[in-house]
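Participant: Sequence:
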Amino acid sequence: MPRRGSEPDGRLAKAGRSRDAAIAFKLAFSSNVFPISSGVPISGNELRSITSKSRPRSSRSSRLLSRLRVANSKSIFFFCFPAFLIDNPMSSDCRKPYPFDQIEPKWQVIWDERQIFHAPNSGEKNFDSRKPKFYVLDMFPYPSGAGLHVGHPEGYTATDIIARYKRMRGFNVLHPMGWDAFGLPAEQYAIKSGQHPAVTTRENVAKFKSQLKRIGFSYDWQREINTTDPGYFKWTQWIFLQIYNSWFNPKTNKAEPIKTYRGKNPDEVRLAYVADVPVNWCPELGTVLANEEVVDGKSEVGGFPVVRRPMRQWMLRITAFAERLINELEGLDWPEGIKLLQRNWIGRSEGAEIDFKIENQDAKIRVFTTRPDTLYGGTFLVLAPEHSLVDLIVTEEQWPAVRAYREKTARKSDLERAELTKEKTGVFTGAYAVNPANSKKIPIWIADYVLLGYGTGAIGGVPAHDERDLEFAKKFDLPIVEVVQPTGKEPAIGFTGEGIAINSPIINGLTSAQAKRKIAAWLEERGQGKRAINYKLRDWLFSRQRYWGEPFPIVWESEADGQHRKHRALDQTELPVVPPPLEDYKPTGTGEPPLAKAKDWIRYSKEAARETNVMPQWAGSCWYYLRFCDPWNDKRFVGEKAEKYWMGGPKPGGVDLYVGGTEHAVLHLLYARFWHKVLFDLGYVSKPEPFQRLVNQGIILGEDNQKMSKSRGNIVNPDDVIEQYGADAFRCYEMFMGPLEQMKPWSMRGVEGIARFLARVWRLMMSENQAGKWELSSAVQDVDLTKAQQKILHATIKKVTGDIESLSFNTAISQMMIFVNAFTTAESIPLSAMQTFLILLNPFAPHLSSELWENVKLPGQITEQPWPGYDEKFLIEDEVEIVIQVNGKVRDRMNMSIQASEEELKAAALANPKIQQLIAGKIVQKTVIVPKKLVNIVV
RNA sequence: GCCGAUGUGGCGAAAUGGCAGACGCAACGGACUUAAAAUCCGUUCCUGCGAAAAGCGGGGUAUGGGUUCGAAUCCCAUCAUCGGCACCA
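Heads up: the first sequence begins at 416 in my numbering, then just goes up one per residue.
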């Protein structure tokens, strides 16, 4: 069945008449409750379930319902032919509020053919260097098989309004779209069907693209990119090489080429390195999962158990940039909440590292603490069970217990380990350490509440002033020593706040802050410790045992001993490294990536084999905003000039507005910032940050106020909405629902309301003649505006302009409704006012406003018009209504001249008979006068 | 447990120190129509006095306090919902 708009020709003519029949056909076939071939009559209930997306009483579906009944009773073969072949005799009553089904495809074709939203780069034809640039970007989607849902176009509509608005304001606007197309679903599908992921991806992209085009977005499609395109991932691999070939120089606080490193082994400091790290291994799926793919200790897909297991993995040294990633948030116009989320994720904490001597051993145990001032209260040490020193220090008699505990811990998942919040567990190692502050002998334990991955993997237990240590000490009967005196009345034991140091000879009487500084200096002098900063952020696990991702541009070469292999980067001329074709995408089950099955591909040379891991899905999205600046470049990941222009400007971030969901608040946005900083340090890009202004759109819930999901059956498909109400109504409704950043439920009735508004705009200028054809209304005339019309027009210009700037699209639409309501009753419709109004409406409803612009035979294209300005003088009235309050309560109002002085206002208010009645016999204590607004009389 | 956001009619919301509920939905009434749809007009927070209408009054923005001439808006506490983090030393 041909979808409307899917064929280049003839779609305008065909679309209208058979539409309802087509809907009926589609509904009937899409529903399993309707046995078409058998011709069994259907019940009203079944019909209602077919059409239950809109309530049965809504006009369109009830008409549909009656049509279905008629068809069903009269001739069952109505459903046996493709509906578009049937010339439905009843289609004459198929009245749309306005002919959006003809207007919208028409303008989409015009925009496409004339390429009017193409933004030329400097040096190209039509590039106007006098205009300022504006880069407005959406988070590009993963083109899933399910197609677009109504959540996607929410942010996309917002950015489209901004893009269209900014063009009219005289900016060169970069507004591109692309596909984040590497990823698990296409690969899973390949495993099931044997269909190559590239094929699935191509199909899904085509579907997404046609859906987006149908909404009328003004993307520059010439700049479309796809992360799975070799012409794109060649440069993803190239950037990886830059990272691999760099190190972080702590002296300059920058990434530098590895050749500037003076140490012996550069492999120790590269920003991309190989390490054995514990990963989320899912035996059932036969693959490693990213942290975000693990929910409550189980795989997000399938709910299979996930275990921690050490594996050899590629890592990126993002932790080197932790400090800058925190500090440089400052200059960005991001929601404070998102900045906070990133800061918390990075988790910087200041403190000290302290060395504890082990009794009868040479080794020392280094612990990290944020409270060095509590050192005197340290009555035991705890090591993470996996800590490497455990083997060394554990005593003979404690060995069996320690080994058993370690085994038990290893078997636990992270979830189980965290679950045991109530009962602390642990085992004494038999060894003792010496507290450097008071030289006391303290026992060394191991416990799973100490994590190997944070700090040094060891802590000094200060039970008096740390909840966890207190719990542990109570359970195992360890001594508790108070060393901080609270300033309030609370008991000292269990007090974790700042107070006054006690029982601590060196720092007694000092505040916690002073004590921290003094004890750190004291330790430093004696070589027993130093100030230190720690981060929760870990290095980025960058390899995946999957097929559908970017292969690493790395080979492993045999060493002289024939045993060990050493990684080496490929030369940039050898890019792209394209994944081999595979028959079988299935995971091997051993943790070896599927690429290992491509034996020929792996063999790079006699001595060297290719890396078989692939990059995670984040890789492609880490730099796509850069590629959009210059997507055709085959010499460089982005041309220098193009990058400078589109990513330039006075602020630290390049993209002027970036809109997307909060789900990427941490990972994508952090990873992209990290890559950008590396490229910046190496001199490849001109700004330290990728995204200047960030806005998160809120989630759209189903009509039942629940999250949209297949299982709940409350998913709204944009195609269905556009089919019924048109793309302009869809766009406007998405914006009218409420504030962009807020979570809000969908309502089909609401869409209807917006469709009515757009139809009123249409009928304001168009009327239907005898023959049922739309023609320009005779009411539209070249007449002067009344004073009231002048005022409302300028108020509308002001409000819509301001609201677009602040992304308050819902109230902008409200104001346009007020405008239309006011003009609906007018006898003649002033052309000049409508001309201005159409420009204001254009970013929201581009098809409708373009068509009306053309119908009124206004000069040029609406998209080329300059944005209107407003004149404050039309907004000011001679008289204003002044509210009179008595003790803050409104008692009356009066009209006063705009020029009335405070004294005049006061006198008029006091003279008001109603007010006089109310204040009779009372003494006026005070009057508050707000010019042009109110008078408040206090008695 | 910690951090953050939010809380206003039957519903989506507006107002960010000055007339609470703009605009839209829904409901009800009216006009047009043979009828329906569509369209247009009107009404709709709660409550007291009045037979009713007009009119006059009281209360109301999660709850309880506070600041202010004046609070949905600012401050404190509590509750609820949503999101993030979660033994991070």
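Be aware that a few hints might be false.
Computed cross-link-like contacts, DSSO-like style, restricted to lysine-lysine with a CA-CA straight-line distance of at most 30 Å [what the hints assert, rightly or not]: (1) Lys981 <-> Lys649; (2) Lys827 <-> Lys779; (3) Lys1329 <-> Lys1288; (4) Lys855 <-> Lys779; (5) Lys521 <-> Lys1272; (6) Lys666 <-> Lys540; (7) Lys521 <-> Lys540; (8) Lys839 <-> Lys666; (9) Lys1014 <-> Lys546; (10) Lys666 <-> Lys981; (11) Lys1066 <-> Lys1214; (12) Lys839 <-> Lys904; (13) Lys1066 <-> Lys754; (14) Lys521 <-> Lys511; (15) Lys1206 <-> Lys649; (16) Lys1206 <-> Lys628; (17) Lys1272 <-> Lys1206; (18) Lys1213 <-> Lys546; (19) Lys1288 <-> Lys1206; (20) Lys779 <-> Lys904; (21) Lys622 <-> Lys1125.
In case anyone wonders, no lab produced these hints; they're calculated from the structure.
Participant: Each hint needs a verdict: does it hold in this structure or not?
Facilitator: Hint-by-hint comparison with the structure:
1. Proposed proximity of Lys981 and Lys649 is supported: the alpha carbons are some 23 Å apart, at most 30 Å.
2. The suggested pairing of Lys827 with Lys779 holds, with an alpha-carbon distance near 29 Å, which does not exceed 30 Å.
3. Simply put, Lys1329 and Lys1288 have alpha-carbon atoms about 34 Å apart, too far for the 30 Å limit, and the pair is violated.
4. Simply put, Lys855 and Lys779 have alpha-carbon atoms about 15 Å apart, close enough for the 30 Å limit, and the pair holds.
5. Only pairs whose Cα atoms come within 30 Å are accepted, and Lys521 paired with Lys1272 is accepted, the gap being roughly 17 Å.
6. Between Lys666 and Lys540 the alpha-carbon distance is near 46 Å, which puts this suggested pair outside the 30 Å criterion.
7. For a cut-off of 30 Å, the pair hint linking Lys521 to Lys540 stands: about 26 Å separates their Cα positions.
8. Restraint check for Lys839 and Lys666: not satisfied, since their Cα atoms lie roughly 42 Å apart, outside the 30 Å limit.
9. A hinted pair counts as satisfied when its Cα atoms are at most 30 Å apart, and Lys1014 with Lys546 does not qualify at roughly 55 Å.
10. The hinted pair formed by Lys666 and Lys981 meets the criterion: a straight-line CA distance of about 29 Å does not exceed 30 Å.
11. Under the criterion of a C-alpha separation no larger than 30 Å, the hint pairing Lys1066 with Lys1214 is consistent with the structure, at around 27 Å.
12. Among the hinted pairs, Lys839 with Lys904 is consistent with the structure: their alpha-carbon atoms are about 29 Å apart, no more than 30 Å.
13. Of the supplied pair hints, the one linking Lys1066 and Lys754 holds, its CA atoms being roughly 17 Å apart against a limit of 30 Å.
14. Pair hint Lys521 plus Lys511 holds up; C-alpha atoms about 17 Å apart against a cutoff of 30 Å.
15. With a C-alpha separation of about 58 Å, the suggested pairing of Lys1206 with Lys649 is violated against the 30 Å cut-off.
16. Restraint check for Lys1206 and Lys628: the C-alpha separation of about 37 Å exceeds 30 Å, so the hint is violated.
17. A distance of roughly 26 Å separates the Cα atoms of Lys1272 and Lys1206; the hinted pair therefore holds under the 30 Å criterion.
18. About 23 Å separates the Cα atoms of Lys1213 and Lys546, which keeps this hinted pair within 30 Å; it holds.
19. Proposed proximity of Lys1288 and Lys1206 is supported: the alpha carbons are some 9 Å apart, at most 30 Å.
20. Our distance criterion of 30 Å between C-alpha atoms is broken by Lys779 and Lys904, whose separation comes to about 39 Å.
21. For the hint linking Lys622 to Lys1125, the alpha-carbon distance of about 19 Å falls within 30 Å, and the restraint holds.
The structure fails to meet hints 3, 6, 8, 9, 15, 16 and 20 from the earlier list, while all remaining hints are met.
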